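Protein chains: 2
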Amino acid sequence: MFLSWPLIAGGVALAAVVVLVFRVLRKPEGDEEMVRISRSIRAGAGAFLRREYITVGIILVFLALGMSFTSLGWRTAVSFVLGAVVSGAAGLVGMMIATRANARTTEAAKSGTKPALSVAVSGGAVMGLSVVGLSLLGLTGVLLLFAPELFVPGEVSNDLLVREAGIINGFAMGASLMALFARAGGGIFTKGADMAADLVGKVEANIPEDDPRNPAVIADNVGDNVGDVAGLGADLLESYVESIIASMALAAGLALSATDRSLMLLPLLIASAGVIASILGIGFTKFFGRKNPRLALSGGTYVSAVLVIAATFFIVRSVIPAEGFVGEGGRSFTQLGPFWASLAGILSGVLIALTSEYYTSSDFRPVKKLAEASQTNAAVTVTEGLAVGMVSIVLPIMILASTVIFSNHICGMFGVALAAVGMLSTSGMVITVDSYGPIADNAGGIAQMSNQDPKVRRITDHLDAVGNTTAAIGKGFAIGSAALAALGLLTAYIAAVGGIDDISLSDPKLLAGFLVGGMLPFFFSSTLFRAVVYSANRIIFEVRRQFRELPGLREGLEGVVPDSESCVDISTRAALWGMLVPGLMALIAPVLIGFLVGPLALAGLLIGSIVTGLMLGVFTANSGGAMDNAKKYIEEGHFGGKGSIAHKASIVGDTVGDPLKDTVGPSINILIKLMAVISLVIAPLLTS
Amino acid sequence: MFLSWPLIAGGVALAAVVVLVFRVLRKPEGDEEMVRISRSIRAGAGAFLRREYITVGIILVFLALGMSFTSLGWRTAVSFVLGAVVSGAAGLVGMMIATRANARTTEAAKSGTKPALSVAVSGGAVMGLSVVGLSLLGLTGVLLLFAPELFVPGEVSNDLLVREAGIINGFAMGASLMALFARAGGGIFTKGADMAADLVGKVEANIPEDDPRNPAVIADNVGDNVGDVAGLGADLLESYVESIIASMALAAGLALSATDRSLMLLPLLIASAGVIASILGIGFTKFFGRKNPRLALSGGTYVSAVLVIAATFFIVRSVIPAEGFVGEGGRSFTQLGPFWASLAGILSGVLIALTSEYYTSSDFRPVKKLAEASQTNAAVTVTEGLAVGMVSIVLPIMILASTVIFSNHICGMFGVALAAVGMLSTSGMVITVDSYGPIADNAGGIAQMSNQDPKVRRITDHLDAVGNTTAAIGKGFAIGSAALAALGLLTAYIAAVGGIDDISLSDPKLLAGFLVGGMLPFFFSSTLFRAVVYSANRIIFEVRRQFRELPGLREGLEGVVPDSESCVDISTRAALWGMLVPGLMALIAPVLIGFLVGPLALAGLLIGSIVTGLMLGVFTANSGGAMDNAKKYIEEGHFGGKGSIAHKASIVGDTVGDPLKDTVGPSINILIKLMAVISLVIAPLLTS
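As given, the protein sequences belong to chains L and E, one line each in that order.
Position in the first sequence counted from 1, then plus 9, gives you the numbering used here.
Position in the second sequence counted from 1, then plus 9, gives you the numbering used here.
Hints listed in this document are in silico derivations from the structure and should not be mistaken for laboratory results.
Hints are not guaranteed to be accurate.
The list cannot tell twin chains apart, which means a pair is met if one copy fits it or any two copies do.
Taking lysine-lysine pairs in the DSS-like style, the calculated list, with each CA pair at most 30 Å apart, reads [to be verified]:
#1 K378 <-> K211
#2 K300 <-> K211
#3 K378 <-> K657
#4 K211 <-> K295
#5 K377 <-> K36
#6 K464 <-> K300
Small disclaimer: the values here were computed from a predicted structure and weren't measured.
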């Protein structure tokens, strides 16, 4: 009976996707120039996705074959492939619509803010609801396929449940692999193109942002889609799936009784409620978006949070026996324990998002002070920007540490995993808001490139500015939820591998694991930085070549169009090649350490990577966000405005911040989750 | 009998200090202008030290009184005060001579490279040998005072030894508190003044570096002394003392037999041998410094390393019974186990230093590529510079992780602590080389300010350039040894607090401890960054004021001298005020977590802070070093040389790198050690 809920919720989400797709496609796409630009962006995004999927596909086949030949078996391999396919499918649908919603948003802006917001939100919601809908259906499908015992009342050994949970972990690993390419590859793509477009356009050729003469501009706009729509979607999809799977795996070890699997199914039920709550939140946003788009977006987020809290309360009350249950280590927990744990997760998600907003929005002191500091020199901007990012870690960590202690106190390590499920239950809404950002950004770019009326551009610029704040908030949310999901996976790994509990903290293998694990996010980040710089330099050479060899391009002569495709092509190649080293590292490091040094060292490696990864993730995301918005704040006319010393300094800061916040920061989420899920998958091999 | 060795070695070191002091002071100080400048620097350094010591003194008294009233008792309090006094005394002597050796080095450069090198090395050796001499004498004195049982053959309970070891920990904590102020305070002082001098001098007023017209130049030169002489000395003194104490504390738990304390005294013997080896190494450097100062300095380092390795072999052979001994957990170790462990430490110190050299010297690829990347834009320089710093972590961590595993395998956790003792045994030599750097730097500044012959300036510039490389190497060594010392302290803490072994890695308090501990180095760094920016801005305003209000200053009119004292004063205040938040954080965090959340959470906090602190330390030190030397490489004429686009970009990179490498990086060493030693000191209170 419980089984029907995730299927229904997933079905509803996909039905909503179909409705939204038609509503978006029905809208007019605008004049010829807008259509042309939108098509170029779409073609570029499609070209990237195609090559990305081929690359992932090849790796997927090899890994799946490898798995089949170990004792993990073909079931885990199939589950693994399905996880990647689900994530890829969500990304494909989301991108197809996001790249069609951009020009339509510009066109709708001619009739006002509300219609434009509505189109952009619909476009974002396609991504958001595809992610949650496809994840729920895919996950339930895999469960039905490989763990049917879960759904049939009757006596089943916990051992069987644990083994079946092991097969399902493959699904999470597939989603994780896809997310690695989508997020890190997309991040390299988007920032290589962005840096190049800025440096060669604004600085060298002295033409404004999003100018149609700049051959790198289309690649920059493609990048927004592949990085922030497909990348973020795949990232949250992974956390979403992993938080559910980790809590199910932990629950498998502590089933209420031999015949009752409510604890194991609880995460699926909360997630199902979250899907419905997200759909209602999206409706709220579209309905109340007339005056203040920002309030409408955050209003929708709060509405879905409140709804899912209420729903979770009733679900827990009806699923968990009134006398409570016995959890890990024989500790007894109250009936409402799981509710409080998910509530803690939901609240800490909101709080972490608020701290991100505080440190990265120009409404508050840190960004204002950063803009002020830019009056001295670019070096001061960067130094102060790094300082803002570093101090912005304090509150999120305090919130996460409290959540871990509280949810464990109230419900054991299962509670920590449930907190992650709670936090991620409204992913449908969160991804909608986040994907809205790049659509609005693209809409602004199209308005600029196609020379729309200033009134239209004011509206798209306003929607874009709102998107910048939501992007920073979304990043805080993504890293917070990734950390909780990774902690859940870590605990599941420790439980699965067995025999590494009751250890000494001064065990040298553990200490060495901490050190090596702590180092990996830095190494990973450095390779991503370099890939971005490499990609940017290649594009800069190409743009310079075009300005040199295409007469009339720089002057904007009628009929002379830049060759945008070549820049998209360079970005794509650089992104996929740039993935090679960090991707291999993420795949190989846990396997190597696990088999050569042992499961305890691997546990240390995971902890070390979660600790430094979480810090680096929040630091880079907020540092970059603050430097970005300090530049925008100065451009609004503060401290001398455009063209002032402060503005020049802030441009350097923004350019440094770009790969920090859009390549390195978000990719680290994936790194720590991917290594944790690989460890969980290979756990059975490590113990045998 | 063993007791006499550290006393003899300490006495020899101090005798060598006296000889070197007279040899330095005997040299002529040069013309009137040189004397005036050197006096200004000396006066500024003295003013800073005075206020720093008063501040530390007040905190010291309060903390010592606090300790006396707890069950830690007055003995620990006295030991604590003595530790701080020894560190302060070493800093005072070292600074007094370093600030007298600078002009004398310039004067000696008139007769050639070798005499100049000899004066600078003698000046540095005063600091180096004061540190090791005073530490050994102070530590042995405290042992005699509070742990006389150690030295008298006869039956003593291990409990008593452990309790006495607890009292001695106070000595390390005193040294650590002093080091915090010397290193972090000195770091804020030096980089605030440096950034201001660069920004207002080179960028705004367009006058060259070290120009006597710039009022901030004296403060910049003072900063080199307080940051790199006194700061580095106090940092290594702390690691030196802590590695000895941690290994003695670990050995106390595993005395060979009730009457044999050889294991406990072994660290003191190795350290004593290291002092003699360092003196011989210094002699080698002074003797062979004719042609190539860099080879002479590294030659001396290798000579002392080889000597101490040989000595350790014989010491271990004569002290440890041929049949080996039984260590922690009843594991038996061979006679030579302790030798191999110290050898691993010495070798890993050398290897880590070599990786620092590779990533920060312009002789190798990373800095060359960084200089090349500067041709695009300052943002690219900074991004690539951060990437170099991040990737430079990989090898040191691998080396440290292998050292931990190997030395533990060969000799238990005692072996890990012994590796730290081995690495630090040649501290006398290492500090000499490091303190040589700022003396040579000052000598160059004085040559520039007093308009010496270009031939003289070429010599001082060359000596300065050598000092820049040794500084980067010294930082790598300092952070590597700090990490090993902190791991030793951590193990001693876990042993001392008891009852937190056999724990679960997924314990929520432990996980929360990891997270909070991992966050602290970032928070600490951000406050230091801000203190530097604040200090720099204040000095910039002051310099602008002087250029405005002192007619003829900017033009270099005869008889118009800038008011350098005011800049020194601003730097001093900013440094000591800037210490408030990070200092309090370092002191309070472990106490708070230990008492409120418990000893297990505190262990997690220490591990988290060591992991992220180590990464951040290496990253910031090498990032800053690489950006510094990329600028110098461009200034040598590559990629357009001085005044080119690449040069301007590299100046921004260098300015961002300055606080990274000279304020944040080195201070993090102290943070992780201070928190570990505080935890060790309060361990008895946590268990009662």
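Hints, one by one, checked against the model:
no.	hint	in the structure
1	K378 <-> K211	both (25 Å within a copy, 25 Å between copies)
2	K300 <-> K211	neither (33 Å within a copy, 51 Å between copies)
3	K378 <-> K657	both (16 Å within a copy, 25 Å between copies)
4	K211 <-> K295	neither (36 Å within a copy, 55 Å between copies)
5	K377 <-> K36	neither (39 Å within a copy, 54 Å between copies)
6	K464 <-> K300	within (16 Å within a copy, 73 Å between copies)
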